[in-house]
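Protein chains: 2
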Amino acid sequence: MHIHIENDASAPPALHLSRERLQQRLDAEPKLRSHFTLTENSDPAQTATFLANCDLLWSGRKLALDTFSTPRLSWVQVMSAGVEQWLAHWPQGVTLTNASGVHGDKGAEFILMAALMFNFGIPGFLQDQAQRLWRPSFGGCARGKTVLMLGVGGIGAAAANLLTAQGYRVIGVTRSGQCEADVARCIRTDAIDEVLPQVDVLVSTLPLTPQTEMLFDRRRLDLLPARAGIVIVGRAAVFDYTALRDKLCAGELAGAVLDVYPQEPLPVDDALWHTPGVVMTPHCSLDDHSAYLEGCLEVFIDNLVRYRSGEPLRNQVDVAKGY
Amino acid sequence: MHIHIENDASAPPALHLSRERLQQRLDAEPKLRSHFTLTENSDPAQTATFLANCDLLWSGRKLALDTFSTPRLSWVQVMSAGVEQWLAHWPQGVTLTNASGVHGDKGAEFILMAALMFNFGIPGFLQDQAQRLWRPSFGGCARGKTVLMLGVGGIGAAAANLLTAQGYRVIGVTRSGQCEADVARCIRTDAIDEVLPQVDVLVSTLPLTPQTEMLFDRRRLDLLPARAGIVIVGRAAVFDYTALRDKLCAGELAGAVLDVYPQEPLPVDDALWHTPGVVMTPHCSLDDHSAYLEGCLEVFIDNLVRYRSGEPLRNQVDVAKGY
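Protein chains in written order, with our numbering: chain A, 1 to 323; chain B, 1 to 323.
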């Protein structure tokens, strides 16, 4: 059985999986030893040849898979959590597993930081500082405040657990209205509108699917109280960024800590750069390059063992749902 | 026995202790009921008369106590944690208790937020944002990073416990080299220099005393690695702010989250307002006005019970040590 590793030549070396590294991991696992042949490529001109001859694919690079001939391909492991770009070109009958869970530890810390920044009025104080204004405000503790966690997958669950441990009241939002994370309540996506007026911090970890696209349009954003802060670390297209910006400029939100944008890198002339209350990080706050490849590799090795024994794979994407 | 309440007319109403509120608390405590008479004042012109006739003083206002005649005064409860301004004018033989502990909950959250902000490179990203620069950086988790906690009193202990729970390696610094907080190590103040090169986040909760004044001069700041961030929530005069600013401008520190300043409000022409890497809050981040008076009152009532039974008081300041 043949595994092909497709690396992204433009990605940093820490994100390249070498054939040697994978071979070592296979050799270390009795159930996997001697069962696989390996190839590795990062030259897009060679990709088609490799894809035509592999059974399993590890990919660090987005591919329009249905534009290739992949007669033997049965399963693809990708290095991202969001897979909407893969699914736009997905060949029928192929299994897709993602890197969900790999962003949990760092993502949870980032979300806790952002939630605390709203509690301490940092977005407002940054504006005061720019204008050399001394305007103290003596608000309360973060504990007890309400966080609405949109999406309780790998990142959302890790963040919900951490925020709950820190004393926040976390309301999870999932398609089913159920989740296994440590939350005060979990509600269905279609019940969001009722809870929005109670929210101190809105956190989105949502993937982009037909159901989530523009979920937070202007009408829904208008249901949030002016004290609310927004943290977006899932896909940007879940939000109407123009409406978000309008509300921030009008002082109708406490601020926004953003890691993702409708276009990345954010164009130099985008008004978001200088929107009051916006704290921006350039789509890096959930990725830890020192641990990322290893995290993905753990998922893959575990899944190879499951694959060999005919067990269900971890992190399998439901192609119909889109995540 | 007579208790006088001295309020600060310029303080917000939430920080005024009324005679009625204290009376209610005394009436609710069998050991205190019917033992005290009360007066209340916020007019500086009347202060001398009240001080001449009280045994115990609750004060929400800084007073140069040795400039008054206080023949009966035996104990003063103040509403601040730092007492250096009181001690500059302290009459011999009078007991002083402070509000240590009242800032712990909010202070710990603020310090955790600041530590996380350094881990996620926020001071640097704020500068990039101002210049519309997209420069991602993919660092690791906060857990495991080293925090040096200068001072492990009410605020420092609460913060150390929270940071340790969050996975930080916390090194406490105290005069004795011992503390009861949950830290990886506790060292004496005179051993600081050896650990400074390991520090990711330096947090100062130190009071101002002859021993702490300018403890962090230029030489000591130079021992910190360039990756280190500084959080100052104790007294500003522990640090050479000019040297701190020079190092930030030279890129020799990751940033500074500051709540206190050599002069407050910070003068409009102070260069600190626009120093790269500085995130400023205007001396309010540890004070929760909704809970502050109640917190001080709890200390006072508990101490009145101890006072009546001849037990040692809580939060008693060692006038020689200065905290």
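Treat each hint with caution, since some may be false.
Examples of chain B residues lying across from chain A (beta carbon under 7 Å, computed) [unchecked claim]:
1. Leu96
2. Ser137
3. Ala142
4. Gly144
5. Cys179
6. Tyr261
7. Leu272
8. Trp273
9. Met280
10. His289
Rather than coming from a laboratory, the hints here were simulated on the basis of the structure. Cβ coordinates follow ideal geometry from the N, Cα and C atoms, glycine included.
Structure-based check of all given hints:
1. Leu96: violated (24 Å)
2. Ser137: holds (6 Å)
3. Ala142: Since chain A brings a Cβ to about 5 Å from B:Ala142, closer than 7 Å, the hint holds.
4. Gly144: violated (11 Å)
5. Cys179: For B:Cys179, the interface hint is violated, since the closest Cβ of chain A sits about 23 Å away, which is over 7 Å.
6. Tyr261: violated (9 Å)
7. Leu272: violated (9 Å)
8. Trp273: Since the shortest Cβ distance to chain A is 5 Å, the answer is holds.
9. Met280: Because about 5 Å separates B:Met280 from the closest Cβ in chain A, which is inside the 7 Å limit, the hint holds.
10. His289: holds (4 Å)
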